[in-house]
Amino acid sequence: DQQVKQNSPSLSVQEGRISILNCDYTNSMFDYFLWYKKYPAEGPTFLISISSIKDKNEDGRFTVFLNKSAKHLSLHIVPSQPGDSAVYFCAAKVDSGNTPLVFGKGTRLSVIA
Amino acid sequence: GAVVSQHPSRVICKSGTSVKIECRSLDFQATTMFWYRQFPKQSLMLMATSNEGSKATYEQGVEKDKFLINHASLTLSTLTVTSAHPEDSSFYICSAFNRATPYEQYFGPGTRLTVT
Chain A
48 DQQVKQNSPS
58 LSVQEGRISI
68 LNCDYTNSMF
78 DYFLWYKKYP
88 AEGPTFLISI
98 SSIKDKNEDG
108 RFTVFLNKSA
118 KHLSLHIVPS
128 QPGDSAVYFC
138 AAKVDSGNTP
148 LVFGKGTRLS
158 VIA
Chain B
403 GAVVSQHPSR
413 VICKSGTSVK
423 IECRSLDFQA
433 TTMFWYRQFP
443 KQSLMLMATS
453 NEGSKATYEQ
463 GVEKDKFLIN
473 HASLTLSTLT
483 VTSAHPEDSS
493 FYICSAFNRA
503 TPYEQYFGPG
513 TRLTVT
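Which chain is which? The protein sequence lines are A and B, in order.
To convert a position in the first sequence, counted from 1, into the working numbering, add 47.
To convert a position in the second sequence, counted from 1, into the working numbering, add 402.
This is chain A alone, in the form it adopts within the complex (with noise of 0.2 Å):
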């Protein structure tokens, strides 16, 4: 049983447009979300964050929407850049103790020139 889903397993975007990531969760003990960048063949990388106490965060081109009550939350990247082209994970987490994060299965952007 999955408890956080990304369901568009690619998405493909023009350079300089927006892109925009869903992730939907089961869990509604989830009380923070993080998106994860990651290359192949090396780590996930950090690129931002919400509580579940807001429905929006923002960091320079990276915006992330949470809507609680759908049990839902997206990523906006704005422009879109060639260099955003990898995969993005969500990830959820419970309480902000030693607990692990629960992915989605990811989805690969892949913005065109």
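Some clues are possibly wrong.
Listed below are the simulated SDA-like cross-link pairs for lysine to any residue, each with C-alpha atoms no more than 20 Å apart in a straight line [what the hints assert, rightly or not]:
1. B:Lys443 - A:Leu58
2. A:Lys84 - B:Pro442
3. A:Lys52 - B:Asp467
4. A:Lys52 - B:Lys416
5. B:Lys416 - B:Asp467
Some chain A residues flagged as far from chain B (calculated, every beta-carbon gap over 12 Å) [claimed, not checked]:
6. Gly63
7. Arg64
8. Lys85
9. Glu89
10. Asp102
11. Phe109
12. Ser132
13. Ala160
Simulated from the structure, these hints should not be mistaken for lab results.
Remember, predicted model here, so these are calculated numbers, not experimental data.
Using N, Cα and C, we set each Cβ at its ideal position, and we do this for glycine too.
Mind docking chain B on chain A? Use the hints.
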């Protein structure tokens, strides 16, 4: 951000041998480290949680006698794949929990294991 290293980055071994992978937190003390495994085009699957000074907690379906985890210090955890078989070939990634930033985990660069 915090830095986590893994060694080796890539290893090829023969079937039946054992391989040790090291995970180090370079600029913080990690009381807890996590070991993940990733198959091609798949998500990161948690294998085990490693707590300093105590036994690791393994996820369902992960053989603790095959994947030995030792977390002897606050900056080092090791994963030993014993009697490796070709089906153990995978990308292994560790991450570390930093109390200073409790909601984040910092990942190592991963180790590509190929068993021939």
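Results of checking the hints against the structure:
With a CA separation close to 14 Å, the supplied pair Lys443 (chain B) and Leu58 (chain A) stays within the 20 Å bound. Proximity of Lys84 (chain A) to Pro442 (chain B) is assessed by CA-CA distance (about 16 Å); at most 20 Å being required, the pair is judged to hold. Proposed proximity of Lys52 (chain A) and Asp467 (chain B) is contradicted: the alpha carbons are some 31 Å apart, above 20 Å. Using a Cα cut-off of 20 Å, the hinted pair Lys52 (chain A) and Lys416 (chain B) is violated, with the two alpha carbons roughly 36 Å apart.
For the given pair, Lys416 (chain B) sits about 19 Å from Asp467 (chain B) by alpha-carbon distance, which is consistent with the 20 Å threshold. Consistency note on Gly63 (chain A): stated as away from chain B, and its beta-carbon is indeed over 12 Å from all of that chain's, at 28 Å minimum. Its beta-carbon lying about 25 Å from the closest one in chain B, Arg64 (chain A) satisfies the requirement of being farther than 12 Å from that chain. With a minimum CB-CB distance of about 9 Å to chain B, Lys85 (chain A) fails to clear the 12 Å threshold, and the non-interface call is violated.
At roughly 6 Å from the closest C-beta of chain B, the C-beta of Glu89 (chain A) falls inside 12 Å, breaking its exclusion from the interface. A cut-off of 12 Å between C-beta atoms confirms that Asp102 (chain A) is not in contact with chain B; the least separation is 17 Å. Distance check on Phe109 (chain A): its Cβ is at least 15 Å (rounded) from any Cβ of chain B, clearing the 12 Å threshold; non-interface status holds. The Cβ of Ser132 (chain A) sits about 15 Å from the closest Cβ of chain B, beyond the 12 Å cut-off, so the non-interface label holds.
Separation of Ala160 (chain A) from chain B is adequate, the least Cβ-Cβ distance of about 24 Å exceeding the 12 Å criterion.
Checked against the numbered hints listed earlier, the structure breaks hints 3, 4, 8 and 9; every other hint is satisfied.
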